[in-house]
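Numbering-wise (the working numbering), the sequence shown opens with residue 8 and increments by one.
FYI, nobody ran anything at the bench for these hints, they're computed from the structure.
C-beta: ideal position from N, C-alpha, C; glycine also.
Hints are supplied without guarantee of correctness; some may be wrong.
Taking lysine-lysine and the DSBU-like style, the derived pairs with C-alpha atoms no more than 30 Å apart in a straight line are [stated by the list, open to error]: (1) K16 - K173; (2) K218 - K173; (3) K294 - K280.
Label-pair restraints from in silico Cβ distances [unchecked claim]: (4) A89 - S13: 29 to 35 Å; (5) Q278 - N319: 31 to 37 Å; (6) R338 - E79: 22 to 28 Å; (7) E264 - S420: 33 to 39 Å.
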Amino acid sequence: MNQPGSWLKLDNAGKIFPATSSPRVTGVFRFSCELNENVQQAPLQRALEKTLERFPHFLYIMRNGLFWYYLEASDLCPEVHAENTGVCAQLFYRNRRHLLFDVSFYHNRINLEVYHALTDGTGAMQFLNYLICCYLIQMHPSQIGAELLDGLAPAPTSSREEDSFKKYYRRIKKESSGLPRRAYRLTGTPGEMLRVTEGLMPCQAVLALAKAHHTSLTVFLCALMMLSIHREMMLYNEKKPVVITVPVNLRQYFPSETSRNFFGNIRVAYQFKDGEEDLDEILASLKAAFQRELTQERLRGRISSYMAVERNPFAKIAPLSFKNLCLRIARRVSDGGETMVVSNIGRVTLPEALEPFVHSMTVLASTAKLQACICTCGDVLSIGFSSRYAETDVQRNFFRMLSEMGIKIEVKSNAPD
Numbered sequence: 008m009n010q011p012g013s014w015l016k017l018d019n020a021g022k023i024f025p026a027t028s029s030p031r032v033t034g035v036f037r038f039s040c041e042l043n044e045n046v047q048q049a050p051l052q053r054a055l056e057k058t059l060e061r062f063p064h065f066l067y068i069m070r071n072g073l074f075w076y077y078l079e080a081s082d083l084c085p086e087v088h089a090e091n092t093g094v095c096a097q098l099f100y101r102n103r104r105h106l107l108f109d110v111s112f113y114h115n116r117i118n119l120e121v122y123h124a125l126t127d128g129t130g131a132m133q134f135l136n137y138l139i140c141c142y143l144i145q146m147h148p149s150q151i152g153a154e155l156l157d158g159l160a161p162a163p164t165s166s167r168e169e170d171s172f173k174k175y176y177r178r179i180k181k182e183s184s185g186l187p188r189r190a191y192r193l194t195g196t197p198g199e200m201l202r203v204t205e206g207l208m209p210c211q212a213v214l215a216l217a218k219a220h221h222t223s224l225t226v227f228l229c230a231l232m233m234l235s236i237h238r239e240m241m242l243y244n245e246k247k248p249v250v251i252t253v254p255v256n257l258r259q260y261f262p263s264e265t266s267r268n269f270f271g272n273i274r275v276a277y278q279f280k281d282g283e284e285d286l287d288e289i290l291a292s293l294k295a296a297f298q299r300e301l302t303q304e305r306l307r308g309r310i311s312s313y314m315a316v317e318r319n320p321f322a323k324i325a326p327l328s329f330k331n332l333c334l335r336i337a338r339r340v341s342d343g344g345e346t347m348v349v350s351n352i353g354r355v356t357l358p359e360a361l362e363p364f365v366h367s368m369t370v371l372a373s374t375a376k377l378q379a380c381i382c383t384c385g386d387v388l389s390i391g392f393s394s395r396y397a398e399t400d401v402q403r404n405f406f407r408m409l410s411e412m413g414i415k416i417e418v419k420s421n422a423p424d
C-alpha cells in the first residue's frame, strides 16, 4: 500500500477534470459487470480489499496546491454498498478528503465508478476485471482457481504510476485537423438526472454488418450515430457539420504500462446537405478521417499540443485559481466544436473460467451533452448512451436503425415510462 503523505502530480489529461467538474457534469465514468447470479456484499468487500493491494493508487485523494491539483495517498477504507445514487454521481469535492472511486452493487450487477482524474478506461477495466475475479474465486472456489489472478494485473511498479504524456512528449507542431471551429449542437430539455439508455446486442451480428460495408465497428457505429442526429436536424442547421469526438487509447500506439490516464481525442466530421442521407458516403468520409488521424505521427502531435500548455513558463507560475478559469474557458471553446462523444472501450477479455458467470459489461460516462460508450464482453455488445437532456430521440433513432438491419436489441433505460 502507499504510505500516507506520498503524492503524485496529476497526469496531463487529468488536469482538466478538477477545474471543470461540477455536481451536474461530474467527470465520473461507470463500468458495470452483470453476473448470472445476485451479488453478495461481504465477499465483494473482501474482493475489493484484495484488489486494492494490487492497485494502491486508487486510494489517492485529490488535494489542491498553490499551482496545481495533485494526488495524495490516503488511509481511507472504502466500503462496498448497495447502489443508492444516480449514475456517475459526484466523487470529487473540493477541499474534502474523499476517495475518487466507488464500488456498489444492485441485484446481479457490480458497479465501479471512477473520477477521470484518477485513471482512464483502461486502468478502470483492469481494476474491475481483477475485482470480479477475486469475487468469483470466493463464490466458486471449486471451479475457479486463485492462480487466475496472476495474469490479470502486473505487480505494482513505478511504470504503473508514470505520466506517459511526459514520457512521449516531443516538441513538434500539431497538424491542423481542418475541422471548423463550430459544430452542430444538440439541444433539449435539461433533466435533473443523467438520462441513461443501454442497448445489448450480439456482437458478431453487428460486426458482420460493418464488414459488409467494408469498415470497422467503430466507424460503422459512428456513421449510424451521425444519421441518428441528422434525423433530428432542421435543414437550416445543416450549415454546421456533425462532429464526433472519439477518445483513443494511446497505449495502442505508444507502449506504456501506466494505470493512469493515457488517452487522446480525435474528431471526425460530416457535412450533411439538402436533407440527403447516404450511409455509404458517410462511411467513406469517416473511414478516410480515421485513417488520417490514427497515425503515430498525428497522435504524437496531439501529445505535444496537450503538453504545450503545461510546459508554458507563464502557466507554471500562474496560481491555481487562474489556471482553473483558463481551463474552464478552454473546455467551453472545445465543446463548441463537437456534437457528441463516442468512446469504444473495445473487447473486455476475461479468463475462460469466468465466462459462465458473467453476462455482460457496460460503460457509461458523465456528460454535458450526449455521449455513447461501446464495450464488448463475450458476444454481447453494449452501447450505453448518457445525456443531460430529457429527450431520447437520437438514441431511439440509433437503435431503430440497427433493428431495421436485423439486429436483435435488448434496451434498458432509466427514463420514466
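Verification of the hints:
For the suggested pair K16 and K173, the alpha carbons sit about 12 Å apart, so the restraint of at most 30 Å is met. Annotation: proposed proximity of K218 to K173 is violated, straight-line Cα distance about 38 Å (limit 30 Å). For the given pair, K294 sits about 19 Å from K280 by alpha-carbon distance, which is consistent with the 30 Å threshold. The hint said 29 to 35 Å for the Cβ distance between A89 and S13, and at roughly 33 Å that hint holds.
Our hint of 31 to 37 Å for Q278 and N319 holds, since their Cβ atoms are close to 34 Å apart. Between R338 and E79 the beta carbon distance is about 25 Å. The supplied range of 22 to 28 Å therefore holds. With their beta carbons about 38 Å apart, E264 and S420 fall inside the hinted range of 33 to 39 Å.
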